[in-house]
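Taking the hints into account, I'd like the entire structure generated from these sequences.
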Amino acid sequence: MSDCSIRPLAAGDLDDVIGIWLEGNKQAHPFVDASYWEGNAAAVREALPQADVFVCERAGEVLGFIGLSGHHIEGLFVRDSARSQGVGTRLLDLAKSRQDRLMLCVYAQNERAARLYLREGFAVVQTRIDEATGHEEYLMEWEA
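When the letters of the sequence shown are read in order and numbered with the numbering used here, they come out as residues -12 to 131.
I should point out that these hints are in silico values taken from the structure, not numbers from a laboratory. For glycine and all other residues, C-beta sits at the position ideal for the given N, C-alpha and C. Some clues are possibly wrong.
[Claimed, not checked] With a straight-line cut-off of 20 Å between C-alpha atoms, the simulated EDC-like cross-links for lysine to aspartate or glutamate are:
#, residue 1, residue 2
1, Lys83, Glu44
2, Lys83, Glu107
3, Lys13, Glu124
4, Lys13, Glu123
5, Lys13, Asp67
6, Lys13, Glu118
7, Lys13, Glu98
8, Lys13, Glu107
9, Lys83, Glu25
10, Lys13, Glu25
11, Lys83, Glu61
12, Lys83, Glu130
13, Lys13, Asp2
14, Lys13, Asp3
15, Lys83, Glu128
16, Lys13, Glu61
17, Lys83, Asp(-10)
[Stated by the list, open to error] FRET-style restraints, in silico, Cβ to Cβ:
#, residue 1, residue 2, range
18, Ala30, His122, 16 to 22 Å
19, Gly121, Ala(-3), 34 to 40 Å
20, Asp87, Gly26, 32 to 38 Å
21, Asp2, Glu130, 34 to 40 Å
22, Tyr23, Arg(-6), 29 to 35 Å
23, Glu48, Ala95, 18 to 24 Å
24, Asp80, Gly47, 19 to 25 Å
25, His58, Arg115, 14 to 20 Å
26, Asp2, Arg115, 18 to 24 Å
27, Glu48, Val112, 32 to 38 Å
28, Asp87, Glu25, 32 to 38 Å
So this is what it looks like as C-alpha coordinates:
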(Lines of atoms letter the chains of each structure in order from A and count residues from 1; the text may use other names and numbers.)
(Lines give C-alpha, C1' and ligand atoms only; values in the text may rest on other atoms or scores of the structure.)
Protein backbone atom coordinates (compact mmCIF):
# COMPACT_ATOMS: atom_id res chain seq x y z
CA MET A 1 0.00 0.00 0.00
CA SER A 2 1.19 3.49 -0.80
CA ASP A 3 2.82 5.52 1.96
CA CYS A 4 1.62 8.82 0.52
CA SER A 5 -0.26 11.41 2.53
CA ILE A 6 -3.64 12.67 1.36
CA ARG A 7 -4.57 16.33 1.61
CA PRO A 8 -6.87 18.83 -0.11
CA LEU A 9 -5.75 20.35 -3.39
CA ALA A 10 -3.68 23.52 -3.00
CA ALA A 11 -3.33 26.24 -5.63
CA GLY A 12 0.30 25.23 -6.15
CA ASP A 13 -0.80 21.71 -7.16
CA LEU A 14 -2.73 22.76 -10.26
CA ASP A 15 0.09 22.32 -12.79
CA ASP A 16 0.95 18.85 -11.44
CA VAL A 17 -2.69 17.78 -11.31
CA ILE A 18 -3.45 18.99 -14.84
CA GLY A 19 -0.31 17.24 -16.09
CA ILE A 20 -1.37 13.98 -14.43
CA TRP A 21 -4.91 14.41 -15.80
CA LEU A 22 -3.74 15.06 -19.36
CA GLU A 23 -1.14 12.28 -19.50
CA GLY A 24 -3.46 9.87 -17.70
CA ASN A 25 -6.26 10.46 -20.17
CA LYS A 26 -3.97 10.07 -23.17
CA GLN A 27 -2.52 6.82 -21.79
CA ALA A 28 -5.77 5.26 -20.56
CA HIS A 29 -7.86 6.37 -23.53
CA PRO A 30 -5.79 5.95 -26.72
CA PHE A 31 -9.08 5.39 -28.56
CA VAL A 32 -9.94 9.10 -28.01
CA ASP A 33 -7.93 11.58 -30.07
CA ALA A 34 -5.35 13.36 -27.89
CA SER A 35 -6.61 16.72 -29.15
CA TYR A 36 -9.87 16.13 -27.25
CA TRP A 37 -8.02 16.00 -23.92
CA GLU A 38 -5.67 18.85 -24.85
CA GLY A 39 -8.68 20.97 -25.82
CA ASN A 40 -10.37 20.35 -22.48
CA ALA A 41 -7.38 20.93 -20.18
CA ALA A 42 -8.12 24.64 -19.61
CA ALA A 43 -11.76 23.95 -18.72
CA VAL A 44 -10.69 21.22 -16.29
CA ARG A 45 -8.19 23.59 -14.68
CA GLU A 46 -11.00 26.11 -14.11
CA ALA A 47 -13.42 23.46 -12.83
CA LEU A 48 -11.04 21.83 -10.32
CA PRO A 49 -11.50 24.46 -7.59
CA GLN A 50 -15.29 23.92 -7.79
CA ALA A 51 -14.94 20.25 -6.78
CA ASP A 52 -13.58 18.62 -3.64
CA VAL A 53 -10.16 17.55 -4.87
CA PHE A 54 -7.66 15.58 -2.82
CA VAL A 55 -4.10 14.73 -3.75
CA CYS A 56 -1.90 11.86 -2.66
CA GLU A 57 1.61 13.18 -2.09
CA ARG A 58 4.94 11.64 -1.17
CA ALA A 59 8.14 13.62 -0.56
CA GLY A 60 6.57 16.72 -2.10
CA GLU A 61 5.50 14.95 -5.30
CA VAL A 62 1.83 14.67 -6.23
CA LEU A 63 1.27 11.02 -7.15
CA GLY A 64 -2.43 11.18 -7.91
CA PHE A 65 -5.70 12.90 -7.20
CA ILE A 66 -9.44 12.37 -6.91
CA GLY A 67 -12.15 14.92 -7.64
CA LEU A 68 -15.55 14.65 -5.98
CA SER A 69 -18.81 16.53 -6.49
CA GLY A 70 -21.16 15.24 -3.83
CA HIS A 71 -21.46 11.50 -4.37
CA HIS A 72 -20.01 11.61 -7.89
CA ILE A 73 -16.35 10.86 -8.56
CA GLU A 74 -15.46 13.31 -11.32
CA GLY A 75 -12.03 11.79 -11.84
CA LEU A 76 -9.36 9.57 -10.32
CA PHE A 77 -5.89 9.81 -11.82
CA VAL A 78 -2.51 8.43 -10.77
CA ARG A 79 0.87 9.45 -12.16
CA ASP A 80 2.22 6.72 -14.46
CA SER A 81 5.27 6.08 -12.25
CA ALA A 82 3.03 5.59 -9.19
CA ARG A 83 0.48 3.15 -10.64
CA SER A 84 -0.07 -0.27 -9.04
CA GLN A 85 1.25 1.05 -5.72
CA GLY A 86 -2.07 1.55 -3.93
CA VAL A 87 -2.45 5.27 -4.66
CA GLY A 88 -5.80 4.87 -6.43
CA THR A 89 -7.09 2.60 -3.68
CA ARG A 90 -6.07 5.11 -1.00
CA LEU A 91 -7.90 7.88 -2.83
CA LEU A 92 -11.01 5.70 -3.30
CA ASP A 93 -10.93 4.83 0.40
CA LEU A 94 -10.99 8.54 1.20
CA ALA A 95 -14.02 9.03 -1.05
CA LYS A 96 -15.78 6.05 0.55
CA SER A 97 -15.15 7.52 4.00
CA ARG A 98 -16.91 10.74 2.97
CA GLN A 99 -20.01 9.26 1.30
CA ASP A 100 -22.22 6.20 1.73
CA ARG A 101 -22.83 6.05 -2.02
CA LEU A 102 -20.52 6.89 -4.94
CA MET A 103 -21.09 7.08 -8.68
CA LEU A 104 -18.60 7.36 -11.53
CA CYS A 105 -18.28 6.87 -15.27
CA VAL A 106 -15.47 4.92 -16.91
CA TYR A 107 -14.93 4.09 -20.56
CA ALA A 108 -15.60 0.42 -21.30
CA GLN A 109 -12.27 0.25 -23.15
CA ASN A 110 -10.42 1.45 -20.03
CA GLU A 111 -10.29 -2.10 -18.71
CA ARG A 112 -7.62 -1.44 -16.08
CA ALA A 113 -9.72 1.24 -14.37
CA ALA A 114 -12.93 -0.77 -14.69
CA ARG A 115 -11.22 -3.74 -13.00
CA LEU A 116 -10.03 -1.50 -10.16
CA TYR A 117 -13.54 -0.18 -9.56
CA LEU A 118 -15.07 -3.67 -9.65
CA ARG A 119 -12.42 -4.90 -7.21
CA GLU A 120 -13.26 -1.94 -4.95
CA GLY A 121 -16.93 -2.93 -4.80
CA PHE A 122 -18.41 -0.81 -7.59
CA ALA A 123 -21.03 -2.35 -9.87
CA VAL A 124 -22.00 -1.43 -13.42
CA VAL A 125 -25.53 0.00 -13.30
CA GLN A 126 -25.74 1.25 -16.88
CA THR A 127 -23.86 1.03 -20.16
CA ARG A 128 -24.22 4.06 -22.40
CA ILE A 129 -22.49 6.15 -25.04
CA ASP A 130 -20.50 9.20 -23.95
CA GLU A 131 -21.96 11.96 -26.13
CA ALA A 132 -18.70 13.95 -26.16
CA THR A 133 -16.56 11.15 -27.60
CA GLY A 134 -19.00 8.58 -28.99
CA HIS A 135 -17.41 5.80 -26.93
CA GLU A 136 -19.14 3.31 -24.67
CA GLU A 137 -18.90 3.99 -20.95
CA TYR A 138 -20.09 2.35 -17.77
CA LEU A 139 -21.99 4.17 -15.08
CA MET A 140 -20.80 2.50 -11.89
CA GLU A 141 -22.06 2.72 -8.32
CA TRP A 142 -20.72 1.81 -4.90
CA GLU A 143 -22.82 1.67 -1.74
CA ALA A 144 -21.58 1.25 1.81
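Right, here's what the structure says about each hint:
1. Lys83 <-> Glu44: The given pair, whose Cα atoms are some 19 Å apart, holds under the 20 Å limit.
2. Lys83 <-> Glu107: Cα-Cα ~10 Å, so holds.
3. Lys13 <-> Glu124: Distance of about 16 Å is within 20 Å: holds.
4. Lys13 <-> Glu123: holds, 17 Å
5. Lys13 <-> Asp67: holds, 11 Å
6. Lys13 <-> Glu118: holds, 18 Å
7. Lys13 <-> Glu98: Given pair Lys13, Glu98 holds - Cα atoms ~14 Å apart, limit 20 Å.
8. Lys13 <-> Glu107: violated, 24 Å
9. Lys83 <-> Glu25: violated, 30 Å
10. Lys13 <-> Glu25: holds, 9 Å
11. Lys83 <-> Glu61: Cα-Cα ~14 Å, so holds.
12. Lys83 <-> Glu130: holds, 9 Å
13. Lys13 <-> Asp2: The hint holds at about 17 Å.
14. Lys13 <-> Asp3: holds, 15 Å
15. Lys83 <-> Glu128: holds, 11 Å
16. Lys13 <-> Glu61: holds, 17 Å
17. Lys83 <-> Asp(-10): holds, 19 Å
18. Ala30 <-> His122: 16 to 22 Å: Given range 16 to 22 Å: holds, Cβ gap about 19 Å.
19. Gly121 <-> Ala(-3): 34 to 40 Å: At roughly 36 Å between Cβ atoms, Ala(-3) and Gly121 fall inside 34 to 40 Å, so the hint holds.
20. Asp87 <-> Gly26: 32 to 38 Å: With a Cβ separation near 36 Å, Asp87 and Gly26 satisfy 32 to 38 Å, so the hint holds.
21. Asp2 <-> Glu130: 34 to 40 Å: holds, 35 Å
22. Tyr23 <-> Arg(-6): 29 to 35 Å: 30 Å Cβ-Cβ, so the 29 to 35 Å window holds.
23. Glu48 <-> Ala95: 18 to 24 Å: violated, 32 Å
24. Asp80 <-> Gly47: 19 to 25 Å: holds, 22 Å
25. His58 <-> Arg115: 14 to 20 Å: holds, 18 Å
26. Asp2 <-> Arg115: 18 to 24 Å: violated, 33 Å
27. Glu48 <-> Val112: 32 to 38 Å: Hint holds: Cβ distance 35 Å, inside 32 to 38 Å.
28. Asp87 <-> Glu25: 32 to 38 Å: Holds - the Cβ-Cβ distance for Asp87 and Glu25, about 37 Å, lies within 32 to 38 Å.
Going through the hint list in order, the structure does not satisfy hints 8, 9, 23, 26.
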